[in-house]
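Number of protein chains: 2
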Amino acid sequence: MADFTDHLKPAHDGTATLQAERDGSAIDVDELARHLLSRDDFLQRQQKVLKVLSKERLFKKDQQLNLARPDRYHLGLARAKAIQRFGRREGWDHADYSMADYLSDEMSPYFLHMSMFVTTVREQASKEQQAYWLPKILNYDIIGCYAQTELGHGSNVRGLETTATWDFKTQEFEIHSPCLTASKWWNGSMGRTATHAIVVAQLILPIKDDSERFTSHGPQTFLLPIRDVKTHQPLPGIAVGDIGPKYGYASMDNGYMLFDHHRVPKSAMLSRYAEVSDEFGGFTRHGHPAVVYGSLTFVRGQIIMHARLVLARAVTVAVRYCSIRRQFADRDAESRDAPEMKVIDYPTVQIRILPLLATTFALHYTGEYFYKLYNQSRSTIEEGDFGPLAELHSASSGLKSLCTTLAADGIETCRRAMGGHGFGGGSGLIGLNSDYLSKPTVEGDNWMITQQVAAYLIKKMQQCVEKPENLSKDPTDEIFKLYLRDKDHKIPESYLNPASEEIDDASIVSVFQWRTAALSYTAYQQRIEQKKPWTKMMIQLHALSRAYSEQVLVTNFHNALSSARSHLAPPTPVVLRTCFRLYALYTMEQSSTSFLLTNSIPAFCLATLPDSILELMAQLRPHSVKLVDAWSIPDFLLNSALGRYDGKVYEELFDMAHRRNPLNKVTFNPDYRSEEIVLGSGDGGRHVLAKL
Amino acid sequence: MADFTDHLKPAHDGTATLQAERDGSAIDVDELARHLLSRDDFLQRQQKVLKVLSKERLFKKDQQLNLARPDRYHLGLARAKAIQRFGRREGWDHADYSMADYLSDEMSPYFLHMSMFVTTVREQASKEQQAYWLPKILNYDIIGCYAQTELGHGSNVRGLETTATWDFKTQEFEIHSPCLTASKWWNGSMGRTATHAIVVAQLILPIKDDSERFTSHGPQTFLLPIRDVKTHQPLPGIAVGDIGPKYGYASMDNGYMLFDHHRVPKSAMLSRYAEVSDEFGGFTRHGHPAVVYGSLTFVRGQIIMHARLVLARAVTVAVRYCSIRRQFADRDAESRDAPEMKVIDYPTVQIRILPLLATTFALHYTGEYFYKLYNQSRSTIEEGDFGPLAELHSASSGLKSLCTTLAADGIETCRRAMGGHGFGGGSGLIGLNSDYLSKPTVEGDNWMITQQVAAYLIKKMQQCVEKPENLSKDPTDEIFKLYLRDKDHKIPESYLNPASEEIDDASIVSVFQWRTAALSYTAYQQRIEQKKPWTKMMIQLHALSRAYSEQVLVTNFHNALSSARSHLAPPTPVVLRTCFRLYALYTMEQSSTSFLLTNSIPAFCLATLPDSILELMAQLRPHSVKLVDAWSIPDFLLNSALGRYDGKVYEELFDMAHRRNPLNKVTFNPDYRSEEIVLGSGDGGRHVLAKL
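Protein sequence lines, in the order shown, are assigned to chains A and B.
Residue numbers for the first sequence follow the working numbering, so the first one is 1 and each next one is one higher.
Residue numbers for the second sequence follow the working numbering, so the first one is 693 and each next one is one higher.
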């Protein structure tokens, strides 16, 4: 409906403002975008899949925030099914499907089917089992989920309470939930979608020569149907359903599942690495069980690469909006009529957004490094050499913890930097925020898994101290050796030149490495030499892991710049170097005491950090809009009035409120004396109250 | 329906576990609760109102997370109306109504009516206007809102774009929105509920002796009807509605409003302090306009006291759940069958929860101090002395910023400390979290308002340096004087005794005060002596405000303990002292570089902080369940499976999922080849897709 608001324009033109920002930087956005997003044809793939999804009404995100959670699952399933149909029509490959999930921006109810479910079958099923199951899986004749976590146990897999007891007589397993906390819990795609599940349960076998007693052989994996093929109702002996609303993941049916002495045939147990043998109480293991960590590690690798795009998305919204938003004139302006400043020109806004912009690049180069490391180790493992597994697992744990923390906290920091409108639905961050808050916990809790990193570093340091002649040539060994060279552990003077105006790039890297070595050495002394209890050390071990991972980010960023500089047109290499320094010095300032107490940096250096950071932010500021442009997050994905590429922030916010808000179609009765809620409606709005 | 899950119990009994925790501490919970919550009969009032609300089906919180946002407003309005009816039936006073809002735990669509709307009428309307409006307001014959913030301006009230132009001929004001960004925006209760609004607009008057030209007299307040009494439709010339979904505040109709040359009579302008006079172009101010800050300051005072209860609520959930949750045995346990540890016994969990538990008490004592300060200043102001306004405004700004940041971040820290279940709806933190995230922004953005604190401290320091003989006896002056006594600004040696094992309590306070003085002095030198641009100083000024406010918290906590000790039974005083030291030393460790660089504390002290904090947490740990019990948050408000008083965590989580989740009543068709979403239903679930 037309009204007097139709012709109104905002006081400042957002489109012109962003254009001026873009004109003010000579960065070649296309070139930088290709530099960042060429792996696996990301950019072309994004274009291709975007073209399909963006013209489908089903994928319109407009009303999502107005839908009830049960409706969000309806919608999620409808979209997941549509994506399968599009993909088959368009001939998509696996990466195209993943791109469709990424762009549709919600957890697909099919997600576990083509991730943990199929991966586990590929890795842990015998050849015969694979031949039987894989065609059904790939054809979506069955939909699978992965039921490991329970109500009472997540991180501690050895503590799972579901049992699978072998009945020698009938040659069946009896899957059973002995208590409530044994209920499977959280398992994605299980609540409403899946027809089959991989169930992780404690394998219980009778003891040889003692048919009365049983013993546990630890957690094993079983593949079984959980719902009827026709009715989609749970099979007898199984209680399964959706666990209810969560922070995010509205479209995903995270489930619960309990078993009541539920019997499955011998073939249900995935038997590539372990098998119940034919003799009474017999159990055979084939090969190295450590390989099961493989799939978890791969998932963590994806988490790190995903983190950079998530953070880039939040930063894109914040940079664009804060470049358009104006508030207050400069306090020192001479005229009372001085124009209002763009809020991104306030250092108090810059300090929240620009270090995060720099962090997106830090994450990127480490993501690239990590994929390389994973692929290298992967082939070694497949050749039967499990040596690199410790380093791989350690690196993946530390980086998963740090990167997801940075991204999760970064989204909220960006949101708050946008003031009031950051709290509104027009920010486009509500779904991203509530979905992403799962990441610091899933695939290894961010506090818990850092113990693995610390344990690895302590062991490495012990080797360096005790058997320096046996050292490998890992980067970590090199760092530790340098630290141990001088018995007083004095940082080489060449690192930091007090006469110099600024810390040079290589010295920055050295300082981060020195801190890692010093913290590792202290942890080694306390744990190995002084036998300090592990539990009492846990806080400092978490800090050690973080320091190590920050060092990995700084080192890889620095290494990448040397090679990237050679082929990128100016001023991009210089701007990326500014990002490197900003990320590194900002990180240093955030944990300055740790650098100080490890003698990695003298106090006089710390005192100069705030001014250096201010200067770096001023250098980065003119390029910030083009830098976020390079991350190439399409408007379809941003789904943000504040972050639109064309800068029409206020027009879109107003349109959402005035023309697309279903609540405005209802007229209410605000008089408390009346029990009628909706004015003049049939039931007075009581149908809503009936939902309670 | 009965099924095999009915008889299942969790592996460990949560009720027994919490009972053992309670038995392990001799704290008198009732006494501590009275100590904390006696102001304004809080505890009795909570009991009284709880009794009324908890038996009403309308106030059941069970299904809230399953409702769509438009339905949440329906429900919010129904509840707001019911509370009015209960209150009149039960003879509630204003504080009882506030308690009902607190317990029902959502922003009432009436909220602005009885807060900013009535307060503004009381403070800014003339006697005649008050006599006309107040009876209608108190009787809820009209429902009001407060329309200040606009699409383009929030913090900078002087920049508001809505105009109120005086038409001398007709003796009317023409309220008008000259551009889109002039749209009122965010204003609570305005979108669907209010019949009337206080509108803040730039008053435009013709210039005397020049009937062609106009001049602005700055923002003034107008009270006008915005909707028709009968139809509740917007009046002609007004476009008003709800702005749509936000992070939180689902039950609140934050609104937008635009005016198209909308005419209101002269009496619409609230005229206690300013009035359009009868002569052409005439405008008269009565009294001191600064008093309008009064209501904002009062709102900030409430925000601080509210923050402690919000944080206490998150900490209550985290402490109880982490005392029940078990995961992993001690890594150093000798037996492979060692029992799993309660997760609260991990220092990595303690370091996230226990300093926040200590913070609830820190906030409490400063809240008490602040109310005292407010009441003192208030009476001075009402006597016409505006002297204390600067100190009051400064303190309220700094504390609002710090306390709401601590609470908002604290909720999320607690949530993450609870691992997977913290992400679920059973945490009870979803609504709290998303509602509370508004607080760092509303009533003065947490980064922006700290400038007022810094400006105040710089001015204070300037007075101390330039006219030490004129000093008042403010606590801040005392601190500054001490700092300035020695021209090298060396901290008195008596503060920190290197020989002593621990920093004594008084020294802790001194250290915080010293840092505030040192940062103030640096800011004074840079701004006043070196004329450094304000904008370039903004980051450090924010840090200065935080340091000052942390000092206020530490000082008040310490002062309160001296008096509280005298009447609380052991071991409560000792435990509260542990809280004081934990809060202070944890805060010191978080900003250790700032203490170091201001010479407030030597490096050797910093190095000992982690061990001191570990030790304090170990001392606090046995009392943690009873300490959160003392905050007396009823289960009705907690609405949390994880935080239930009786510890039945797993039973409640399972019941919510298995018996009370509406999604489990629907059976879906997961086969992508079918367009049907809901299996065998009439429209196949397509009604949901129609909502897009």
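It is worth saying that the hints were derived from the structure and are not from the lab.
Worth double-checking, as some hints may not be accurate.
Restricting the straight-line Cα-Cα distance to at most 20 Å, the calculated cross-link-like pairs of lysine to any residue (SDA-like) are [as the list claims (entries may be wrong)]:
(1) B/Lys1034 - A/Met114
(2) A/Lys691 - A/Val666
(3) B/Lys1223 - A/Lys342
(4) A/Lys60 - B/Arg1378
(5) A/Lys342 - A/Leu692
(6) A/Lys531 - B/Lys747
(7) B/Lys828 - A/Arg673
(8) B/Lys1228 - A/Tyr586
(9) B/Lys1357 - A/His687
(10) B/Lys1034 - A/Arg158
(11) B/Lys1224 - A/Lys665
(12) B/Lys1357 - A/Leu692
(13) A/Lys691 - B/Asp754
(14) B/Lys900 - B/Gly910
(15) B/Lys1228 - A/Asp332
(16) B/Lys1357 - A/Leu689
(17) B/Lys1034 - A/Glu161
(18) B/Lys1228 - A/Arg22
(19) A/Lys665 - B/Lys1383
(20) B/Lys752 - A/Lys372
(21) B/Lys1357 - A/Thr348
(22) A/Lys9 - B/Gln894
(23) A/Lys372 - A/Asn559
(24) B/Lys1173 - B/Asn1067
(25) B/Lys747 - A/Ser612
(26) B/Lys1224 - A/Ser612
(27) A/Lys531 - B/Leu1306
(28) B/Lys1151 - A/Arg158
(29) A/Lys532 - B/Thr976
(30) A/Lys665 - B/Ala931
(31) B/Lys922 - A/Leu679
(32) B/Lys740 - B/Thr697
(33) A/Lys342 - B/Asn848
(34) A/Lys536 - B/Thr1097
(35) B/Lys1228 - A/Thr348
(36) B/Lys1223 - A/Asp332
(37) A/Lys532 - B/Leu1306
Across the chosen pairs, the derived CB separations fall in these ranges [said to hold, decoys possible]:
(38) A/Lys481 - B/Gln1311: 39 to 45 Å
(39) B/Ala787 - A/Phe298: 40 to 46 Å
(40) B/Thr707 - A/Asp228: 49 to 55 Å
We put the CB at the ideal spot given by N, CA and C, even for glycine.
Hint by hint, work out which the structure violates, then give me just those numbers in ascending order.
-> 1, 3, 5, 6, 11, 18, 20, 21, 24, 25, 28, 29, 32, 34, 39 and 40
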